[in-house]
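> Listed here are the chains, written in short residue letters.
Protein chains: 2
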Amino acid sequence: MEIYHGDFASKLPMIKEAIDACDFMAFDTELSGLHRPGNTQHLDSRDFRYNELKEAADRFIIVQFGLCTFKWDQPSGRYFAQPFNFYIYPRGMYIRSGPSRVFHIQAQAFEFLAKQAFDFNKWVYQGIPYLTPDEEDVFVENRRRLMSDNIPDIQVDEKERGFLAAAVETIQNWVDKGHKDQNYVNIEARNAYQRRLLYQEVRNKFPDLSTEGRRGFIRIMRLDAKEQEKRTNEMEKQFQSDRTEAVGFRQVIDWMTSSKKPLVGHNMLLDVAHVIGQFIQPLPDTKEEFKVLAHNMFPIMVDTKFLATCVPELSEVITGSTDLESLRFETTRHMFKNPRIDLGGYYMRYAADKAHEAGYDAFMTGSVFIKLMSYLYEKEHGPFVEEEKEKDEDQVSSSENSEDEEEDTQFDDDEEEEVYNYGSVHVPLLDEQQQQTALVARVSNKVSQARTIYRYFDFLHPEQDLINKPNTFFVQAKLQDIQAHLDVLTQPYGSYITEQTDTATIVAFQRVTVPVQEIVDALADGLHKALDLKVDVKSAQEYNFIGK
Amino acid sequence: MEIYHGDFASKLPMIKEAIDACDFMAFDTELSGLHRPGNTQHLDSRDFRYNELKEAADRFIIVQFGLCTFKWDQPSGRYFAQPFNFYIYPRGMYIRSGPSRVFHIQAQAFEFLAKQAFDFNKWVYQGIPYLTPDEEDVFVENRRRLMSDNIPDIQVDEKERGFLAAAVETIQNWVDKGHKDQNYVNIEARNAYQRRLLYQEVRNKFPDLSTEGRRGFIRIMRLDAKEQEKRTNEMEKQFQSDRTEAVGFRQVIDWMTSSKKPLVGHNMLLDVAHVIGQFIQPLPDTKEEFKVLAHNMFPIMVDTKFLATCVPELSEVITGSTDLESLRFETTRHMFKNPRIDLGGYYMRYAADKAHEAGYDAFMTGSVFIKLMSYLYEKEHGPFVEEEKEKDEDQVSSSENSEDEEEDTQFDDDEEEEVYNYGSVHVPLLDEQQQQTALVARVSNKVSQARTIYRYFDFLHPEQDLINKPNTFFVQAKLQDIQAHLDVLTQPYGSYITEQTDTATIVAFQRVTVPVQEIVDALADGLHKALDLKVDVKSAQEYNFIGK
Numbered sequence: 000m001e002i003y004h005g006d007f008a009s010k011l012p013m014i015k016e017a018i019d020a021c022d023f024m025a026f027d028t029e030l031s032g033l034h035r036p037g038n039t040q041h042l043d044s045r046d047f048r049y050n051e052l053k054e055a056a057d058r059f060i061i062v063q064f065g066l067c068t069f070k071w072d073q074p075s076g077r078y079f080a081q082p083f084n085f086y087i088y089p090r091g092m093y094i095r096s097g098p099s100r101v102f103h104i105q106a107q108a109f110e111f112l113a114k115q116a117f118d119f120n121k122w123v124y125q126g127i128p129y130l131t132p133d134e135e136d137v138f139v140e141n142r143r144r145l146m147s148d149n150i151p152d153i154q155v156d157e158k159e160r161g162f163l164a165a166a167v168e169t170i171q172n173w174v175d176k177g178h179k180d181q182n183y184v185n186i187e188a189r190n191a192y193q194r195r196l197l198y199q200e201v202r203n204k205f206p207d208l209s210t211e212g213r214r215g216f217i218r219i220m221r222l223d224a225k226e227q228e229k230r231t232n233e234m235e236k237q238f239q240s241d242r243t244e245a246v247g248f249r250q251v252i253d254w255m256t257s258s259k260k261p262l263v264g265h266n267m268l269l270d271v272a273h274v275i276g277q278f279i280q281p282l283p284d285t286k287e288e289f290k291v292l293a294h295n296m297f298p299i300m301v302d303t304k305f306l307a308t309c310v311p312e313l314s315e316v317i318t319g320s321t322d323l324e325s326l327r328f329e330t331t332r333h334m335f336k337n338p339r340i341d342l343g344g345y346y347m348r349y350a351a352d353k354a355h356e357a358g359y360d361a362f363m364t365g366s367v368f369i370k371l372m373s374y375l376y377e378k379e380h381g382p383f384v385e386e387e388k389e390k391d392e393d394q395v396s397s398s399e400n401s402e403d404e405e406e407d408t409q410f411d412d413d414e415e416e417e418v419y420n421y422g423s424v425h426v427p428l429l430d431e432q433q434q435q436t437a438l439v440a441r442v443s444n445k446v447s448q449a450r451t452i453y454r455y456f457d458f459l460h461p462e463q464d465l466i467n468k469p470n471t472f473f474v475q476a477k478l479q480d481i482q483a484h485l486d487v488l489t490q491p492y493g494s495y496i497t498e499q500t501d502t503a504t505i506v507a508f509q510r511v512t513v514p515v516q517e518i519v520d521a522l523a524d525g526l527h528k529a530l531d532l533k534v535d536v537k538s539a540q541e542y543n544f545i546g547k
Numbered sequence: 000m001e002i003y004h005g006d007f008a009s010k011l012p013m014i015k016e017a018i019d020a021c022d023f024m025a026f027d028t029e030l031s032g033l034h035r036p037g038n039t040q041h042l043d044s045r046d047f048r049y050n051e052l053k054e055a056a057d058r059f060i061i062v063q064f065g066l067c068t069f070k071w072d073q074p075s076g077r078y079f080a081q082p083f084n085f086y087i088y089p090r091g092m093y094i095r096s097g098p099s100r101v102f103h104i105q106a107q108a109f110e111f112l113a114k115q116a117f118d119f120n121k122w123v124y125q126g127i128p129y130l131t132p133d134e135e136d137v138f139v140e141n142r143r144r145l146m147s148d149n150i151p152d153i154q155v156d157e158k159e160r161g162f163l164a165a166a167v168e169t170i171q172n173w174v175d176k177g178h179k180d181q182n183y184v185n186i187e188a189r190n191a192y193q194r195r196l197l198y199q200e201v202r203n204k205f206p207d208l209s210t211e212g213r214r215g216f217i218r219i220m221r222l223d224a225k226e227q228e229k230r231t232n233e234m235e236k237q238f239q240s241d242r243t244e245a246v247g248f249r250q251v252i253d254w255m256t257s258s259k260k261p262l263v264g265h266n267m268l269l270d271v272a273h274v275i276g277q278f279i280q281p282l283p284d285t286k287e288e289f290k291v292l293a294h295n296m297f298p299i300m301v302d303t304k305f306l307a308t309c310v311p312e313l314s315e316v317i318t319g320s321t322d323l324e325s326l327r328f329e330t331t332r333h334m335f336k337n338p339r340i341d342l343g344g345y346y347m348r349y350a351a352d353k354a355h356e357a358g359y360d361a362f363m364t365g366s367v368f369i370k371l372m373s374y375l376y377e378k379e380h381g382p383f384v385e386e387e388k389e390k391d392e393d394q395v396s397s398s399e400n401s402e403d404e405e406e407d408t409q410f411d412d413d414e415e416e417e418v419y420n421y422g423s424v425h426v427p428l429l430d431e432q433q434q435q436t437a438l439v440a441r442v443s444n445k446v447s448q449a450r451t452i453y454r455y456f457d458f459l460h461p462e463q464d465l466i467n468k469p470n471t472f473f474v475q476a477k478l479q480d481i482q483a484h485l486d487v488l489t490q491p492y493g494s495y496i497t498e499q500t501d502t503a504t505i506v507a508f509q510r511v512t513v514p515v516q517e518i519v520d521a522l523a524d525g526l527h528k529a530l531d532l533k534v535d536v537k538s539a540q541e542y543n544f545i546g547k
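These protein sequence lines map, in sequence, to chains L and P.
Numbered per numbering that gives the first Met the number 0, the first sequence spans residues 0 to 547.
Numbered per numbering that gives the first Met the number 0, the second sequence spans residues 0 to 547.
In isolation and in its complexed conformation, chain L is listed as follows:
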């Protein structure tokens, strides 16, 4: 379902209901750009990569957000998916006392979106606005101050003194006449400065009068207590409505966060960074702080790319590419038959393929996720036979009953409708305390990250598993003690990066063109000589083997 600015408010209850009722949520984003151009490194350190991530989140924006909720439907034995596709635009003009925003576009990112038939007019004309919590505070503070007339006085320009004197005289005349013939008086104001001066003058000289800005003039009135209360209520109502509209899409993020439901993405690190950076707060300076912040917001994140590449039971059967479309295709195989997933009632838009629209990609991602998790569950616990048998029995008895009652119930809406049961099986993601099951805990909060020496980015711990490549070496010494020697010893092998663990240094070359053992020996011998100390050097393969 496409959601625009115009119908966002009316769709909010439906979106909240979908989040509240679901078993898990999948999401995807389309971005205005990916990263600064020009980096052609094969490998970077984790800190460097985090800085890139932060820089991207600070600069580029989500232009489309896809959310797909998945809810198990026991009577029909299947999951219902409800995809939502939101256009997001950082509307500034629209929101009174709102911020002006500047963001970056990478030309090629929009060209990529154009290839997927992205509608840029919908984006600008109908995109949903948003405020971060801090921006909301400023918005509320400004509006509250305006509403309470609690505005600091400004200096009066020499040339405006005449204007003000005339205005005061007009008002005073009207007051003196007891405003019988007219219950208000209008004062023309030519610009924002004159308007502000006039408000200020009335506030200070006629504290019992009320003002109301109109087009080209300001209306001065005397309201009785009842009128005053009515006006205050109207203003408060308008304020709350404006606030909801201004906070806009962030409400969806807030509900996703407070639901504590599993959040599924595909290669989701960048998406998560952008969600936080755009809707919540600028990304923190260190990756450690980022991990805490992200985990607090989304305590159960699962990345389908991580599943497909780093979970042995899955990676051994998924041998092709692990991009989303490939995984979608892979999971049509018989071994991934369970569970059945159908689109919820109103979502026929995605019956046909809409790859690279965020809502559809979220739907694909969630579908891939639940199928992979079902497969993993069966691998761990054996096939779902028992449950399926029970289910079959239930279904048989249920359908026997309904057959018995067919005559009576066929046209009777109050009775339970007969439901065809597809016989697929629920995958246990959360236990009764709404905590993740062991099945999920094993794979949650680890996500793919390219161009590092680690197999994944870990939201809960420092990364450990190295990618088993011949360019990576584990040196049992602290970087500070060996840095100078490394620079010399590595010269024959080209540029390299380092990562530090508590006690050791990992050295990884951009590209290796000699046998692994040659480098192991060169580093070990070289450091031995330089430090007059035997230093243990291992290849990534040895390290991982020993690590486990």
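Honestly, the hints are just simulated from the structure, not real lab data.
Don't take every hint at face value.
Heads up, the list lumps identical chains together, so a pair's fine if it works in one copy or across two of them.
[Claimed, not checked] Below, computed lysine-lysine pairings styled on BS3-like, alpha-carbon distance capped at 30 angstroms:
| # | residue 1 | residue 2 |
| --- | --- | --- |
| 1 | Lys236 | Lys114 |
| 2 | Lys15 | Lys290 |
| 3 | Lys259 | Lys533 |
| 4 | Lys468 | Lys158 |
| 5 | Lys114 | Lys10 |
| 6 | Lys176 | Lys114 |
| 7 | Lys53 | Lys290 |
| 8 | Lys336 | Lys70 |
| 9 | Lys225 | Lys158 |
| 10 | Lys236 | Lys286 |
| 11 | Lys468 | Lys533 |
| 12 | Lys204 | Lys229 |
| 13 | Lys468 | Lys336 |
Dock chain P against chain L, hints included.
For chain P alone, coordinates are given in the frame of chain L:
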């Protein structure tokens, strides 16, 4: 006429012809943003304003460019306007070996464009690309190097040695067989790295063979001299066509530059800065260098806002707003009747109002310009009576002739067609040497600039004319000698900016709330005491009066 990427190449000759034939050109741009948010100063120094201008040109981009050529048509006694409206997109993907570009968007700028019904899909999907001269050099160099196989060798990864050995064996076998059964051999390559290694291997081991990249494989052939020449010609043709497409819109700018025709804009400083920054080169570090660069590109610039605000004969009759639409309205008055302007044959799109589309705004700008210049000419030289009389006589005799010959010529296409003469009069902008007339020289190369203390930005000289405001004071001392004292003496009057002339300092307060004379006295007395030296201090009014 709207010009898109798809039909740009076919429209180029028509655009060039319009520029070559015209009397003057008007232009306008629509931008992705104006400036960093948050500056609420009333006044800034010229250097600060130039830095803002440069920053804006470095960050934001022209998304739509309007060009309107105006050509005097003697037979019909009127100007023909030919407006062109170009969508501009910094296409990166499309151009092979082209740059990746990142630019900024100010959310409110797009919202403004949306209010004018801007089509963002046309912009991304059909916008015309461009390269600056430096980018073109890189493009040409890269393509030439690829075409001449003059690429530096790269290191061969350990794991690709097998792939290369197998490839060499296959090629050698085919060579050994004298390639009788097949005049080429295909080698599969799985990725860009393998492709590059293969090209390199063939280049080094089989220098007399040719390679051709295909989808998924590389074809290796032996071409005879004739085939080789044919292939070279094809590649050269393709290269030239790609180059033209890649350079794209800059060709139009180049023609505008080389035409040396008067270039008219409305409030055009920002537009000129963006044209240079986006299509030619990053803006220089100082405003002085910028002036030289801009003047060299466009030796005769005229700003309609400058005309309306700073030319006394015009500003005394144009008493309302000086935004473009207001000027367009003002110039419908009888005193601005000359000359008549009509849209050229194919431009009916602008018969109806299309304000804020760049092409239409360019048309409006040029129309306002030529009417103001005509009025100015008449003010200087008296009404166009003589010329009009001659013209009338010509017309009468011409129409007598045609009456005589009517029977013969009515359906004869070869004969000169009878043309109705609107009797409006040509405005002399250029003399016979294509140099600007005195009429134009008086107003050219001075353009409006807000938020400075000067009446205009001057492309040829340091600015001199101060805006006559009570906040501005002329102090006959060098800034370096009085800075410390100024900081103290100005404290009662709020924040201020300074500008330096060769021998003096101009001090301007953001807002003045006391009589002018009080500040004149305070500064003069204070500096006298502090420096033990009488320092001349004048208000802006005194300064301008004496300056003239």
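> Taking the hints in turn, state whether each one holds.
Hint by hint, here is what the structure shows:
Proximity of Lys236 to Lys114 under the C-alpha cut-off of 30 angstroms is restricted to the inter-copy arrangement: shortest distance 28 angstroms between copies versus 44 angstroms within a copy. Proximity of Lys15 to Lys290 under the C-alpha cut-off of 30 angstroms is restricted to the intra-copy arrangement: shortest distance 26 angstroms within a copy versus 58 angstroms between copies. Proximity of Lys259 to Lys533 under the C-alpha cut-off of 30 angstroms is found in neither arrangement, the shortest distances being 50 angstroms within a copy and 76 angstroms between copies. Within a single copy, Lys468 and Lys158 get their C-alpha atoms only as close as 76 angstroms, which misses the 30 angstroms cut-off; across copies the closest is 11 angstroms, which meets it.
In the homo-oligomer, the alpha carbons of Lys114 and Lys10 lie at most 30 angstroms apart both inside one protomer (29 angstroms) and across protomers (25 angstroms), since each shortest distance falls under that limit. Taking the shortest alpha-carbon separations for Lys176 and Lys114, neither the intra-copy value of 70 angstroms nor the inter-copy value of 45 angstroms comes in at or below 30 angstroms. Proximity of Lys53 to Lys290 under the C-alpha cut-off of 30 angstroms is restricted to the intra-copy arrangement: shortest distance 12 angstroms within a copy versus 38 angstroms between copies. Proximity of Lys336 to Lys70 under the C-alpha cut-off of 30 angstroms is restricted to the intra-copy arrangement: shortest distance 17 angstroms within a copy versus 72 angstroms between copies.
Proximity of Lys225 and Lys158 under a CA criterion of 30 angstroms is satisfied in neither setting, with 39 angstroms inside one chain copy and 85 angstroms between copies. Taking the shortest alpha-carbon separations for Lys236 and Lys286, neither the intra-copy value of 42 angstroms nor the inter-copy value of 51 angstroms comes in at or below 30 angstroms. For a Cα distance limit of 30 angstroms, the shortest separation of Lys468 from Lys533 inside one copy, 24 angstroms, qualifies, whereas the shortest one across copies, 80 angstroms, does not. In this assembly of identical chains, the alpha carbons of Lys204 and Lys229 lie at most 30 angstroms apart only when taken from the same copy (24 angstroms versus 90 angstroms across copies).
For the homomeric pair Lys468 and Lys336, neither the shortest alpha-carbon distance inside one copy (34 angstroms) nor that between copies (80 angstroms) is at most 30 angstroms.
Of the numbered hints stated above, those contradicted by the structure are hints 3, 6, 9, 10 and 13, listed in ascending order.
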